[in-house]
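Chains A and B, in that order, give the protein sequences.
Going by the numbering used here, 461 is the number at position 165 of the first sequence; the sequence numbering is gapless.
Going by the numbering used here, 777 is the number at position 226 of the second sequence; the sequence numbering is gapless.
Calculated directly from the structure, the hints in this document are not laboratory data.
From the three backbone atoms N, C-alpha and C, an ideal C-beta is built for every residue, glycine too.
Errors might be hidden in some of the hints.
List time: in silico DMTMM-like cross-link candidates among lysine to aspartate or glutamate, alpha-carbon distance up to 25 Å [to be verified]: (1) B:746 x A:637; (2) B:796 x A:637; (3) B:746 x A:626; (4) B:831 x A:506; (5) B:831 x A:638; (6) B:837 x B:778; (7) A:442 x B:581; (8) B:627 x A:626; (9) B:627 x A:649; (10) B:831 x A:416; (11) B:627 x A:416; (12) A:442 x B:778; (13) B:796 x A:638; (14) A:442 x B:847; (15) A:442 x B:593; (16) B:796 x A:626; (17) A:442 x B:715; (18) A:442 x B:716; (19) B:746 x A:638; (20) A:603 x A:637.
Examples of chain B residues lying across from chain A (beta carbon under 8 Å, computed) [unchecked claim]: (21) 616; (22) 619; (23) 620; (24) 625; (25) 640; (26) 642; (27) 766; (28) 769.
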Amino acid sequence: MAKAATSKTGSQGSADSFPEDRIVEIYRTEVLARVMDERCLTLQRQGRIGFYVPLAGQEAAQIGSGYALDPSDWIFPAYRELGLALVRGIRAKSLIDQFIGNSADLTKGRQMPNHYAFREQRFVSASSPIGTQITQAVGAAMAAKKRQDPIVTITFFGDGATSSNDFHAGLNFAGVFAAPTIFFCQNNGWAISLPREKQTLSPTLAGKADAYGLPGVVVDGNDVRAVYRAVREARARAIAGDGPTLIEAQVYRFGPHSTSDDPSRYRPEEAVRKAREHDPVLLLQSELIRNRILTKDSDSKIWEELKAEVARAIEAAENTPAVEPLSFFDDVFAQPTPTLEEQRASFDQLLREGVLRP
Amino acid sequence: MTELTLVQAVNRGLRVALSSDPDVLILGEDVGVNGGVFRATEGLQKEFGPERVIDTPLSETGIIGTAIGMALYGLKPVAEIQFMDFIYPAFDQIVSELAKMRYRSGGQYPCHVVVRAPYGGGIRGGLYHSQSTEAYFAHTAGLKVVIPSNPADAKGLLLTAIHDEDPVIFLEPKRIYRSLTGEVADGDYRVPFGKANVVVEGTDVSLFAYGAMVPPTVEAAQALLSEGISAEVVDLRTLVPLDEKAILASVEKTGRAVVVHEAARFCGFGGELSAILAEKAFYSLKAPIARVTGYDTPFPYALENSYLPNPARIAHAARAAARTQ
């Protein structure tokens, strides 16, 4: 249940009601995200992918919001949004292609793992600088409004990003221009090593919306239904022309910031153990078994099926050819400049002469 | 043809683009009701409405970030940064996002934004209304950098920029916004990128300049002529893409090169130009390459005329080069 930080959002219209008939599908997506997360951490440790940003603990926040969107809505993600990508129908294989950076990777091996882009699914390219996607989501929403397209844009970011320039500029612009945007903050408690309480004195992150004249909503990010409803309501408001909403989904980052991070340096394992008592995937699992929507057996089958699916995706991605060695010269501009053409030719020459090996 | 100042030519160019393409829009600080602090957008909001000529809150990162979002969605935003000196809050959006969007998405997300900004000194603007930091942007892969030097080019290059497919940093020499006029073609008139303009033909020394440095460089060439030195003046027009062919052809002819810009010297664009000449025209050179530039100080207020290259400094360097056999 969403609790209002700065405004009431309790109305339960039929448009906002949670699709109970899809609960098993939603659960399966959460399980797939969890399985991929665990496998990818292993792949990184084995040196089979170079890096990985885990999402464990944030599945309900991402998947609940993903289900609340229309396929025509535009997503401006950060780099931790694997669960959201799965909701958009992006295949495990496509994600692993990107983690490897092989020739099937739509980003052509140019970005670190997790910084993917899927234009067809309206899942915009992610970058590493924090918060930059926030103002971009507002601009795209302004453009959609100008064209009278009945869609919203939604941008995902963490608690750390609420201290960034673009958070401030984005909320401010969105308010002034009544942009149909949803600001979805996954407050996972940690910006690498900095705990939430040291990020800002503001009692909630959602409360920051007040300063920009926007509604701000705090939601339990482990409750997939509450997340769904909060996004649904924000979406309805945006479509109705009533402008943006800031949602703060309170979650906990179970894993490290990334595979390059060692959280034992800054937080006690005990805190993680306590947070895991509210593991969103396990909460939904026990509920579904308790309500006899699943049995222990049918649940195990889901996990086994998805593990097998991910294993097949990894195998297929690892058997996909590497990127073409000269391809890193492409897409700097629509057409290469003479300078780039010259550099490409000179690099090619080094390969041909055997000075370099691809 | 109409006789226009450079800032009027910018205004006409914007007007042509807004009239001919409903996806074009302008956003920036004071660009609407006020018509821009230099009046570059004068009358445009009245003609095209506040949804196409948008007064934004005071945030450069907001301006460029939202412009990127608009471009991703398919619009053609022309963002104005009031002075180049104020572009830095948007530096992250420009170099990390705008410049890399097409590349990092594997070509899925072209991102065509034109960023207009008045640049340069000579208007008693002090440290923060005078800088010429084109090298930051020319150094960043994925950005085109365009600097017109006269009214006809201002309009023609701006229309090319707005109809290009890549991000363009369009730097306007505010010092000559109104100080000179020129004949400008009416309607949609375009000057291609990557084509330098030989403004004065000569045989003894090549003078390379762009933007507000072209008029004093031409003046220097005229002064040299009376001394019997034939100087060629090449206006680069676009730093990215760079017309290397024209640059090399000129130096192969004259054997001497002087590079002029008002930006600070160290790591300035003149360094790149000099390196290209050293790499590719070494055997044509009869004299060391000379640079006439701003100094490696912040931009001074009271002594700006000492800081800025002028015809005397340019002619002095060219004379020394021309006398070297």
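With a cut-off of 8 Å on the beta carbons, see whether residue 766 of chain B makes it to chain A. 28 Å, violated
Please check whether residue 620 of chain B passes as an interface residue: C-beta within 8 Å of a C-beta belonging to chain A. Given a least distance of 2 Å, the restraint on residue 620 of chain B holds.
Run the distance test for residue 837 of chain B versus residue 778 of chain B: straight-line Cα separation, threshold 25 Å. Roughly 20 Å separates the two Cα atoms, so the pair holds.
Is it true that the CA of residue 442 of chain A sits at most 25 Å from the CA of residue 581 of chain B? At roughly 20 Å apart (the allowed maximum being 25 Å), residue 581 of chain B and residue 442 of chain A satisfy the hint.
Please work out if residue 746 of chain B and residue 637 of chain A have their alpha carbons no farther apart than 25 Å. Distance of about 17 Å is within 25 Å: holds.
Need the status of pair residue 746 of chain B, residue 638 of chain A: alpha-carbon distance at most 25 Å? Between residue 746 of chain B and residue 638 of chain A the Cα gap is close to 17 Å, so the pair holds against 25 Å.
Tell me if residue 642 of chain B is really an interface residue toward chain A, meaning its C-beta lies closer than 8 Å to one of theirs. The hint is violated - residue 642 of chain B has no Cβ within 8 Å of chain A, the shortest such distance being about 11 Å.
Residue 831 of chain B paired with residue 506 of chain A [C-alpha distance capped at 25 Å]: 60 Å, violated
Restraint status (C-alpha distance of residue 627 of chain B to residue 626 of chain A at most 25 Å): Holds, at roughly 23 Å.
Restraint status (C-alpha distance of residue 796 of chain B to residue 637 of chain A at most 25 Å): Holds - the C-alpha atoms of residue 637 of chain A and residue 796 of chain B are around 14 Å apart, at most 25 Å.
Mind checking the alpha carbons of residue 831 of chain B and residue 416 of chain A for me, to see if they're no more than 25 Å apart? Distance ~45 Å between residue 831 of chain B and residue 416 of chain A Cα, so the pair is violated.
Agreement of residue 831 of chain B and residue 638 of chain A with the hint, judged by alpha carbon distance not exceeding 25 Å: Holds: residue 831 of chain B and residue 638 of chain A sit about 13 Å apart, inside 25 Å.
This entry does not satisfy hints 4, 9, 10, 12, 14, 20, 26, 27, 28, going by the numbered hints stated previously.
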